[in-house]
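Undergrad: Given next are the chains, with one letter for each unit.
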Amino acid sequence: MIEYSLEEKTYTLNLGPQHPSTHGVLRVLLEMEGEFITKAEPVIGYGHRGHEHMAENRNYLQFLPNMARVDYLHALAFNQGYCMAVEKLMGLAVPERGEFIRVITAELNRISSHLVWLGAYLLDLGAFTPILYCFDDRENLLDLLDRITGSRLTYCFFRPGGVPQDLDDEFITGTRAFIKRLRTRFKDYDNLVTKNVIFINRTKDVGVITKDQCVKYGLTGPMVRGSGIAYDIRKSEPYSAYPQFDFVIPIGDKGDILDRYVVRVREMEQSLRIIEQALDKLPNGPIMAEKVPKRLKPAAGEVYQAVETARGEFGCYIVSQGDIKPYRIKLRVPSFGNLSILPELAVDTLVADLVAILGSIDVVVPEIDR
Amino acid sequence: MELLAQFLGIEGARMIVGLIAVIALVSVNALFLIWMERKVAAHMQLRPGPMEVGPHGAIQTVADALKLMGKELITPDEVDKPIFWLAPIVVFLPVLLSFLVVPFSQTWIIRDMNVGIVLILAFSTLPVLAILMAGWASNNKYAVFGAIRSVAQNIAYEIPLLITVMSIILMVGSFKLSDIVAAQSQYWYVLLQPLAFIIYITCGTAETNRAPFDLPEAESELVAGFHTEYSGMRFALFFLAEYTNMFIVSAIATVLFLGGWHGPFLPGVIWFLLKVYALIFLMMWFRWTFPRVRFDQLITFAWKILIPLAFANLLITALVLKLR
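Here the protein sequences come in this chain order: G and C. Under our numbering, the first residue of the first sequence carries the number 1, and numbering increases by one thereafter. Under our numbering, the first residue of the second sequence carries the number 1, and numbering increases by one thereafter.
In short, the hints are calculated from the structure, not lab data.
Taking lysine-lysine and the DSSO-like style, the derived pairs with C-alpha atoms no more than 27 Å apart in a straight line are:
#1 Lys204/G with Lys304/C
#2 Lys71/C with Lys141/C
#3 Lys235/G with Lys330/G
#4 Lys141/C with Lys39/G
#5 Lys195/G with Lys39/C
#6 Lys195/G with Lys304/C
#7 Lys88/G with Lys281/G
#8 Lys39/G with Lys254/G
#9 Lys254/G with Lys187/G
#10 Lys141/C with Lys9/G
#11 Lys176/C with Lys322/C
#12 Lys180/G with Lys281/G
#13 Lys235/G with Lys180/G
#14 Lys180/G with Lys195/G
#15 Lys81/C with Lys71/C
#16 Lys187/G with Lys39/C
#17 Lys294/G with Lys325/G
#18 Lys67/C with Lys81/C
Derived list of chain G stretches under chain C, where covered just means 3 residues or more per stretch with a C-beta under 8 Å from a C-beta of chain C:
#19 122-133
#20 198-207
#21 346-353
The model shown is predicted, which means the values in this text are computed figures rather than measured ones. Note that the Cβ used here is the ideal one computed from N, Cα and C, for glycine as well.
Input sequences plus hints: build the corresponding full structure.
TA: Rendered as structure tokens:
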């Protein structure tokens with residue numbers, strides 16, 4: 001007689017790396033009991049390209065395009081973080097107009113990143129239509145940014161010392177039209193999504209992150225703001241031209257995935273406010289610092305510069321030994337920290353919840369793998 | 001027809017011609033519905049949809065069907081082969097047979113059986129078996145997931161569906177579909193039984209595994225659910241069955257609630273098809289606007305809300321009929 005072992009109650013399920021809702025090449029190893037998850041372990045590294053090592057073999061300017069490949073969705077913030085770190089190292093000051101252009105383009109890019117997230121997140125929840133609305137809006141934005149930066153996705157726009165291209169009138173009128181358009185579109189999103197009973201039932205009280213957990217796991221960005229901690233580097237360690245603008249940091253109260261949704265949508269509204277003010281106050285003057293050397297050769301030293309990307313704190317740590325190449329660059333990326341809480345949130349949830357939680361973290365996998 | 005009738009008798013000839021007509025209708029209908037779904041989805045999403053093949057992409061689905069026919073039928077190594085091969089056929093046959101009793105108009109009905117509605121309801125349960133077979137045989141965890149979900153979902157939603165149908169049958173006093181339609185010559189039952197209609201449409205959407213109840217094939221969770229491992233024409237059969245199922249569910253709804261072929265001016269069959277496609281449009285509308293419900297919410301909704309409501313509706317119907 002054959003004896004079957006009935007001891008094992010759980011089984012393993014591989015979610016990814018080829019799966020519609022792991023946003024790239026993330027693999028989550030799930031141990032499941034029926035439909036419930038008993039253990040989740042993210043497996044990363046499928047998109048590892050060795051950016052940090054690449055930095056050691058290139059000069060400062062040559063490494064700039066890599067930044068857009070680390071986080072392809074909010075590339076301009078990564079541009080900004082890196083350029084600011086280099087400027088700090090070199091002691092360069094960016095002229096006022098340059099800072100304003102940086103803020104305007106980076107905030108536009110933040111909106112486009114959040115729009116992609118909004119669509120993809122709702123796709124994870126099974127609503128197919130919103131992503132096309134979001135991409136329709138984003139298309140306008142990409143046209144605007146394309147006009148000024150020359151590319152649609154992997155921007156390489158800022159330079160140490162300023163920006164290479166000035167804004168023209170068409171960009172400014174286009175941006176103002178876009179602000180108007182997106183504000184009316186928020187109502188559509190509200191009707192389609194936020195007021196939907198199924199959406200609320202799916203997201204309420206799911207994936208709750210407490211304030212303690214935020215600190216424990218080093219979360220940043222909308223993940224902590226959803227839990228009610230108003231932590232935003234644009235306010236806490238003001239950089240660039242941000243101190244000159246009036247904006248608030250939207251926060252949630254419970255820390256569930258619905259709160260994170262609300263926080264991100266409000267952030268888009270705040271970004272629109274920042275852009276509007278920046279366009280109004282746009283000063284005249286140069287866009288690039290004078291006397292930026294052709295070969296960047298900073299003195300020996302170390303700097304750390306953090307910026308707020310759409311996903312949280314991006315920090316660029318550069319060690320220079322006085323060479324034309326950096327000795328070491330360490331990129332502190334927000335998604336890595338944010339993803340680390342997944343195993344704790346995933347326990348005792350359903351696969352559908354896991355997908356929703358993963359969506360609410362808004363991971364950009366190339367950023368984690370670097 | 002007359003030649004056939006000599007050999008088989010009038011009933012037999014009618015049957016053969018009817019079956020051929022059904023097969024033609026099923027394929028044309030599925031091709032049309034897939035095109036319609038793509039167009040409806042596209043217009044809801046601010047895009048034109050298929051435009052290249054034929055006027056407004058009208059024969060795009062024909063091209064797709066030809067492509068699918070030309071594709072290799074992949075059978076993965078570790079599958080349970082007989083069951084894996086049988087599942088697409090088993091899913092398709094019952095839907096085909098259901099057409100035999102659908103009354104398109106007073107005369108356009110292949111066999112007006114006196115248990116017509118029972119036959120359709122019985123056949124509409126069978127595709128679940130095929131889904132279970134497909135999921136189980138595929139030797140794929142996602143497929144098994146989809147199959148298990150499908151079975152649980154269909155058991156849960158079959159019950160309120162049957163109960164709502166019962167309340168209509170109580171009012172008519174016949175299982176014959178043509179009798180049910182004939183009874184609605186003055187007013188449609190949707191006016192007398194609005195709750196039953198809503199419950200029926202909800203359950204019908206769940207029965208056909210369509211969004212927001214498309215958990216067996218939830219692409220963001222289960223990749224493609226029970227048909228993950230299917231390719232080519234086998235996959236197309238599952239697809240065909242889904243769309244034909246939608247037609248059957250909408251056809252029953254039309255018969256039970258929307259007065260079947262009744263309607264002014266136009267011939268009965270046109271009215272019937274108009275109502276059916278309007279209901280199908282409604283189901284497409286659901287799919288392209290709602291997010292997906294979670295599995296526990298789906299089951300809770302059926303057992304805790306729909307079944308008690310359907311029972312209450314049945315009891316009230318019975319009471320009113322008794323008192324009248």
